[in-house]
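**Q** What follows is each chain in one-letter form.
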Amino acid sequence: MKLMDEAAIEDVLEALADELSALLRADAARPPGVVGIHTGGFWLAHRLHPRLTNRMAVASEIGMLDISFYRDDFSRVGMQPRVRPSRLPFEVEDREIVLVDDVLYTGRTVRAALNEIFDYGRPAAVRLAVLVQRSGRELPISPDVVGRRCSPGTDEHIKLYGPDPLELHLAGGS
Amino acid sequence: MDLQVDESGRLRHLLTIEGLAPDLITAILDTAGSFTSVTERSVKKVPLLRGKTVVNLFFEPSTRTRMTFELAAKRLSADVLNLDIEHSSTRKGETLLDTLRNLEAMQVDMFVVRHSQSGAAHFFAQHAAPHVSVLNAGDGYHAHPTQALLDVFTIRTRRPDLENLVVTIVGDILHSRVARSQIHALRALGVPEIRVAAPATLLPRNVEEMGVQVYHRLEPALQGADVIIALRLQRERMRGAHLPSEAEYFRYYGLTPERLGKARDDAIVMHPGPINRGVEIASEVADGPRSVILQQVTNGIAVRMAVMAMTLGSRGGEPR
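Just so you know, the protein sequences line up as chains A and B, in that order.
Counting in my numbering, the first sequence tops out at residue 174, every number present.
Counting in my numbering, the second sequence tops out at residue 320, every number present.
Keep in mind the hints are simulated off the structure, nothing from the lab.
Treat the numbers as computed from the prediction; the structure is a model and nothing was measured.
Quick reminder that beta carbons are idealized off the backbone N, C-alpha and C, glycines included.
Be aware that one or more of the hints could be misleading.
Cβ-to-Cβ under 7 Å is the rule here; a few derived chain B residues that face chain A [stated by the list, open to error]:
id	residue
1	S34
2	T39
3	R41
4	V43
5	V46
6	L48
7	A309
8	M310
9	G313
Not close to chain A: a few residues of chain B, all C-beta gaps over 12 Å, as computed [unchecked claim]:
id	residue
10	R10
11	A188
12	T256
Computed beta-carbon distance windows for the label pairs [stated by the list, open to error]:
id	chain 1	residue 1	chain 2	residue 2	range
13	B	R50	A	R82	43 to 51 Å
14	A	Y161	B	D23	24 to 32 Å
15	A	T53	B	S8	40 to 48 Å
Bound-form chain A, shown alone (with noise of 0.2 Å):
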């Protein structure tokens, strides 16, 4: 089942645009960097970026996360079969950071960017922002930003698909 299609994904950005201009410092020494985090996170980081940037300094380029080697689950379900290089392309010290994905769900993801990020370097602060929080939260991580809520049941998957066009899709359960 679709839940959002390409117009009311842009619309949900747009959204999430303003809420995080109105948070992020625009006075910063570093202005904020952008990362999202493989895959999906990086489709809507590549779509948010030019948003932020009419509305805001912003570093110019977009990190991208694959957080593989972070994972909690590496000791049962053994290393993934392929693993893009994680890439920051901007000082990370003292740099406010806008991680962005898809779906909140666990949390468990989160937890694992934010340890690479901070292998990186200490940032000044990092904000959350995700185009789908839906419940089932294992971890104590909330985000700053949300494009939707929902609570579908523990057998089901939200899944965005993409680049191009980008689709939002419920599957599974009954």
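Chain A is already provided as a structure; the job is to place chain B on it using the hints.
**A** Below, chain B without anything else, positioned relative to chain A:
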């Protein structure tokens, strides 16, 4: 039974390149590629193997290989033990199997084994407990799989079109476990033309059966080559008269700037180290713009990280 790979095709041990599926070799190289980003950061460490213990068991001297294995393990957050064989119980007559059992009793997770006898790492893998992985860091004249992997990784970084390349390996093929592993890796990845150049006394019998073209003179072997791998003249392994003298070897087989002119303009020069300057390679070539010898060393860390993460990561579901 394939010792190296489990029922679902995942890497359990790395003992030899021979027989390793091309897809698995490519997966190792891809994983290594993602680890290079880790080694370029300020904090060169990821938590993947936290709580795991790796033992370096080097029964033969080594600097580069042992140190890059140690660095690889540490960058994955594993604990590393280096067994100093010179001062260990093996000197007092302890058998290999007893050494293995004792180290297993210390609950280690991985052995990195270098030994002068071919098959030593296989022996460890055959007898190791199910949760333990064994990596071959060089056994006799047989294999040195991580060296071959870092070599093909280095080649692939420069020249991703492996199916178009001419690779020339020059030097002491007879005593070289590196050359044997390189040939298997290059063939598995579809390199169409592999040449070996050496005097007849430094070539294994029936080397053609490995799928290589044999040259007894260096110049024609370099003609049009994309990659040139010079091998170390292994003086410590030579018993009897394989060669008249080192000076004469350099005169006929030394990689000089003039000879390098026969190869393609963008050809790269590699060497597994340690290099004997003025014996198998001229300093101008080893230090020159075509040389990727130090990149090989750097890449060795990422490749060894990949192999360690893949072998220990494949143990996930098994009870300890």
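**Q** What are the numbers of the hints the structure violates, in ascending order?
**A** Of the numbered hints, 2, 10 and 13 do not hold.
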